[in-house]
Amino acid sequence: DTGVSQNPRHKITKRGQNVTFRCDPISEHNRLYWYRQTLGQGPEFLTYFQNEAQLEKSRLLSDRFSAERPKGSFSTLEIQRTEQGDSAMYLCASSRPTATNEKLFFGSGTQLSVL
Amino acid sequence: DQQVKQNSPSLSVQEGRISILNCDYTNSMFDYFLWYKKYPAEGPTFLISISSIKDKNEDGRFTVFLNKSAKHLSLHIVPSQPGDSAVYFCAASGRTSYGKLTFGQGTILTVHP
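Chains A and B are the protein sequences, given in the same order. With the first sequence counted from 1, adding 10 to any position gets you this note's numbering. With the second sequence counted from 1, adding 222 to any position gets you this note's numbering.
Read the hints as simulated data drawn from the structure, not as lab findings. Positions of the beta carbon are idealized from the N, C-alpha and C atoms, including for glycine. Hints may contain errors.
Selected chain A positions facing chain B (Cβ under 8 Å, derived; list incomplete) [claimed, not checked]:
1. Gly26
2. Arg32
3. Gln51
4. Leu56
5. Tyr58
6. Ala63
7. Glu66
8. Lys67
9. Pro80
10. Gly82
11. Ser83
12. Glu112
13. Gly117
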């Protein structure tokens, strides 16, 4: 169990640029989540996958955001035409749920700064 | 609309004493509750959870209490240790997806030696 891995750890970009983050979940986990955390707040749900299928997207996920999980393994989160309001910590988590509970294992996140 | 609230931004406790962190929620559809701990530059780490069919769950030094009628839960840490100093997040979810968590704002716990 190597844990959830996220790359890069930090990303600084200029407004209007596109950025892409990668998440490698724990290998036997079939669910993968993306959350976003801003300063002084708790993480907010963005989207999740069961295997390769994207099952739900938050209204926070504007059409500039797109997430993929090809082959149900790693996932990417792309933000197009970044805005200063996109500056946040982007967290990935994975899980293997049971019928009655689900424990998410989070990565260390990607800190995005949009200048 | 903050559905999960942690009204204390910070808590300071002496080593060896009890730490009590509180959390309130408004959505009656929530039926699974968790506490996560977060150190700087790391992702949140699962600490303990409780289902709505229980009112208490214990794991070593950590105990979570759930009062459904008051829509309130608390985390007790006994005895507190300096290594417990971190940000603690309360989170809740419903049966449709237990992994779709709604988090509180977090409470910074500082345990002094």
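Which earlier hints can't be squared with this structure? 1, 2, 4, 6, 8, 9, 10, 11
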